[in-house]
Amino acid sequence: MASEGGEKPEVGSNQVAVKKGKGWVVPLLRVVAFLATLAATIVMAMNKETKTIVVAVIGSTPINATLTAKFQHTPAFVFFVIANAMASFHSLLMLVVECFGNKFDFKGLRLLLIPILDMMIVALVAAGEGGAVFMGELGRHGNSHARWNKICDKFESFCDHGAGAFIASFVGLILLMIINVISVLKLRNQLKTAANYSALP
Amino acid sequence: MHHTNMVKSKRVCTLLLRVLALCATIAAAIVMGTSHEKSSFFTIQFEAKYNHTPAFTYFLIVNVIGGVYSLLVLFFPAESLLWRFVVALDVVITMLLTSGVSAALAIAYVGKKGNSYAGWLPICGQVEGYCHQVGGALATGFAGVIIYMLILLYSLHSAIHPLHL
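Protein chains in written order, with this note's numbering: chain A, 1 to 201; chain B, 1001 to 1165.
Simulated from the structure, these hints should not be mistaken for lab results. From a predicted model like this one, the values you see are computed outputs, not experimental measurements. Among the hints, a few may not be true.
[Claimed, not checked] Sample of chain B residues facing chain A (criterion: CB under 8 angstroms; computed from the structure): (1) 1006; (2) 1094; (3) 1102; (4) 1105; (5) 1115; (6) 1150.
All C-beta atoms, glycine included, are put in the ideal place defined by N, C-alpha and C.
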């Protein structure tokens, strides 16, 4: 019987110790991840800036154009808002399940469902983050080869709010990844100790 | 007997998936890296290359990292302590790959359809071959992401049900 990486062979006290020790780390991380993704969603969803720019001067009357920068103009930002909204909803749902889920005890499927959903949400938030960050970079620096002008010099607060939303989403992404890895490792410990009681397959 | 057959087929499946992921990521990197087109449009010289855009460079780098990682993991047959580390690294690499595909897709969308609010004109009309090649690289990268998600599910399954009892 192989023993892996430093795990203690005693089962009884180890199981209780593991449960108590790691009992509050994951819910705390989930709360912070929920707050981070919620902040990213809200900041980006309310990101809007209107500016009146003098476009041309005819004679002595300047012609003004009112330009608005909204997050809906760019599909990458729309995806960013949707992905972060789903991630914050998922974090809230997982918090509720972990705190009050001891009543619903469908062991096999439930234990597997949490890491799988976590992985999917990590991939989703990573996709939203990647697309939006590079679109923001394009807006900030423009692209001289494609003749795309930068827009951040005119719409400064739009860009700054966007940058804040990206940072919040990045924090949420890192936390979600850590939560995922911890819950996979915890799952393995739980299943191992459960298997030690019953007959080996 | 049945148990060892199951173990063997699962092992073959994992290896096959990882080889497929290696092919997909390296192919995406190569197709993106060799995309280059020059054209002139009313005396304006248009040159399109992947490193004009940081998003495409990021896509290339991430796919190279994914390919190298797949290659390294193929040579880790020992199903021991390292396998837990491999699950964690799989999640990280999948995350990087999805963000790379998404970033390149966002920029390619602007290149193809433009963005009228920001005054950005689409460039695909002038450099069509480049657009098609980038589209192909994106499709291959997306296939790599899907294969990596399957690998994640397999890693999760093997982390939960260890085979070497």
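| task | Could you work out which earlier hints the structure fails to respect and list their numbers in ascending sequence? | result | Violated hints (numbers, rising): 1 and 6; every other hint is consistent with the structure.
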